[in-house]
Structures are given as structure tokens and as C-alpha cells.
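S.K.: Take a look at the letters that make up each chain.
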Amino acid sequence: GQQLNQSPQSMFIQEGEDVSMNCTSSSIFNTWLWYKQDPGEGPVLLIALYKAGELTSNGRLTAQFGITRKDSFLNISASIPSDVGIYFCAGLPMNRDDKIIFGKGTRLHILP
Amino acid sequence: DAMVIQNPRYQVTQFGKPVTLSCSQTLNHNVMYWYQQKSSQAPKLLFHYYDKDFNNEADTPDNFQSRRPNTSFCFLDIRSPGLGDAAMYLCATSRDSGGGWTQYFGPGTRLLVL
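Line by line, the protein sequences give chains D and W.
FYI, my numbering numbers position 94 of the first sequence as 94, with every residue one higher than the one before it.
FYI, my numbering numbers position 87 of the second sequence as 87, with every residue one higher than the one before it.
Among these hints, one or two may not hold up.
As the list claims (entries may be wrong) - Residues from chain D that face chain W, not an exhaustive set, calculated with beta carbons under 10 Å: (1) Leu4; (2) Gly42; (3) Ala48; (4) Tyr50; (5) Phe102.
What the hints assert, rightly or not - The list that follows gives simulated cross-link-like pairs (lysine to aspartate or glutamate, DMTMM-like), each with its CA atoms no further than 20 Å apart: (6) W:Lys38 <-> W:Asp77; (7) D:Lys104 <-> D:Glu41; (8) W:Lys38 <-> W:Asp59; (9) D:Lys70 <-> D:Glu54; (10) D:Lys51 <-> W:Asp96; (11) D:Lys99 <-> D:Asp71; (12) D:Lys99 <-> W:Glu57; (13) D:Lys99 <-> W:Asp59; (14) W:Lys38 <-> D:Asp38; (15) D:Lys99 <-> W:Asp53; (16) W:Lys44 <-> W:Asp62; (17) D:Lys99 <-> W:Asp51; (18) D:Lys104 <-> W:Asp59; (19) W:Lys44 <-> D:Asp38; (20) W:Lys38 <-> D:Glu41; (21) W:Lys44 <-> D:Glu41; (22) D:Lys99 <-> W:Asp96.
What the hints assert, rightly or not - Output of the computed footprint for chain D on chain W, the stretches with three or more beta carbons under 8 Å from beta carbons of chain D: (23) 36-44; (24) 101-108.
By construction, these hints were calculated from the structure, which means they are not laboratory data.
Note that CB positions come from ideal geometry on N, CA and C, so glycine has one too.
I would like the entire structure built from these sequences, with the hints used as guidance.
M.R.: In C-alpha cells:
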């Protein structure tokens, strides 16, 4: 079935460092979504990407929809303590828009 | 400002005692979803409603049922909760036009089964 490979699984960084994570698949997706989930809360949408090649920013966050439509990355610049959490990529498959496929998440830790 | 609301945020039930979780939305989205999320895992889709049409995932246990009485509300019924059903339950919504079916999640209900 369709799967998303999200990496890295976890990251330990210093405050102020930039962060990069990505998702890849062997299948084509129509939409890529990036969510952040804090402990005990639901996922919050960070960035939605709808077109191949699209590059979108949201404050210190930047995400891109890969040209092949099979991958996406999320960058966070100048990390701050509140960036700690789990980041999920999610894609809407070409053949079934009503169901999103999740990556396994990237757990971001920020060292003091 | 809350767009997808879930109640209660925490629910404790006893083994085998039916429980109902609720979700409401102010987005007027026509699609509503229920997910189960266990610790350190991605959300797992249980089922969704496209308007009034119910769509069950093939591996969702019969113990889980859902109702959608109107556009704004959707309920998750767990008929006989087992210890393995302890999890975070997430409601999400999307619309079938524009926005690429982007899903918006509620804050979740954490279920504890004693």
C-alpha cells in the first residue's frame, strides 16, 4: 500500500539551530500537509502544499512540494523551545483525496 | 475561535462499559473523520462520514461505531471498551472542494480504560 517514509525519526538540536525533515514515497500525492503535535493535543496544521514545486513559508517554517510529487520537506529556522514536539507529514493520494496517509513523525528535542 | 471541538478532553471508563465521545465543528465542512492514536504513533483512521455517507476502514473493529446526526456533530461509540482501546481519539474535518481535502483536527479525547 501507499506509505510515507519520514525522516529523521527524532532530532536533538541546540536552540537557535535550523532543522530539516522530509517525507518520501513511491506514490504520487496531490497534496502534502505538515502538522505539529504537542503532548496531549491534536495535530495542528502548519503548512499545506497543493502544487508540485510549490514552496510555502509560515513564519520560520518553510515547506516544499517536490517536483516529482513524491516527496516534501519542512525546514524550521532558528529553532526556539516551543518548537519541541512531533512533526507529521501527511499526503493526499492521487487516487483517493478523502484519506490522508501519515508519516511516522519526527520528534524534535531542543537542548538547553 | 475553536473550529473542531471535542468533548470530553479526558474520559475514564471501565472495561466493557460503553462510552461515547463527541465532536463538533464550526467550519461547515462536509467530511468528518475519527482517528485513534496510540503513544508515539501516527493517527490511524477508523472511519469517516462524507455528508451522511459512512465509510468504514476495513480493519476497524466492530466494537467502534459512529453517528453523525447533522453536519456539525459526529459521535464515536465504543460499545465494549477493552484495555487495548485506551488511546487518544482525534476528530478531524475537511471539505470536498478547494483546499485539497486538507484536514483540520480537534484537540482530542484521551480515553483511559480501567
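S.K.: Please go over all the hints and tell whether each is borne out by the structure.
M.R.: Hint by hint, here is what the structure shows:
1. Leu4: With Cβ-Cβ at 9 Å, under 10 Å, it holds.
2. Gly42: holds, 4 Å
3. Ala48: holds, 5 Å
4. Tyr50: holds, 5 Å
5. Phe102: holds, 4 Å
6. W:Lys38 <-> W:Asp77: holds, 18 Å
7. D:Lys104 <-> D:Glu41: Within the cut-off at roughly 17 Å; holds.
8. W:Lys38 <-> W:Asp59: Distance of about 16 Å is within 20 Å: holds.
9. D:Lys70 <-> D:Glu54: holds, 13 Å
10. D:Lys51 <-> W:Asp96: holds, 17 Å
11. D:Lys99 <-> D:Asp71: holds, 17 Å
12. D:Lys99 <-> W:Glu57: holds, 10 Å
13. D:Lys99 <-> W:Asp59: Within the cut-off at roughly 15 Å; holds.
14. W:Lys38 <-> D:Asp38: holds, 14 Å
15. D:Lys99 <-> W:Asp53: With Cα atoms ~14 Å apart, Lys99 (chain D) and Asp53 (chain W) stay inside 20 Å; holds.
16. W:Lys44 <-> W:Asp62: Holds - the C-alpha atoms of Asp62 (chain W) and Lys44 (chain W) are around 16 Å apart, at most 20 Å.
17. D:Lys99 <-> W:Asp51: Roughly 15 Å separates the two Cα atoms, so the pair holds.
18. D:Lys104 <-> W:Asp59: holds, 19 Å
19. W:Lys44 <-> D:Asp38: The given pair, whose Cα atoms are some 17 Å apart, holds under the 20 Å limit.
20. W:Lys38 <-> D:Glu41: At roughly 13 Å apart (the allowed maximum being 20 Å), Glu41 (chain D) and Lys38 (chain W) satisfy the hint.
21. W:Lys44 <-> D:Glu41: holds, 15 Å
22. D:Lys99 <-> W:Asp96: holds, 11 Å
23. 36-44: Answer holds; 4 residues pass the 8 Å Cβ test.
24. 101-108: holds (count 8)
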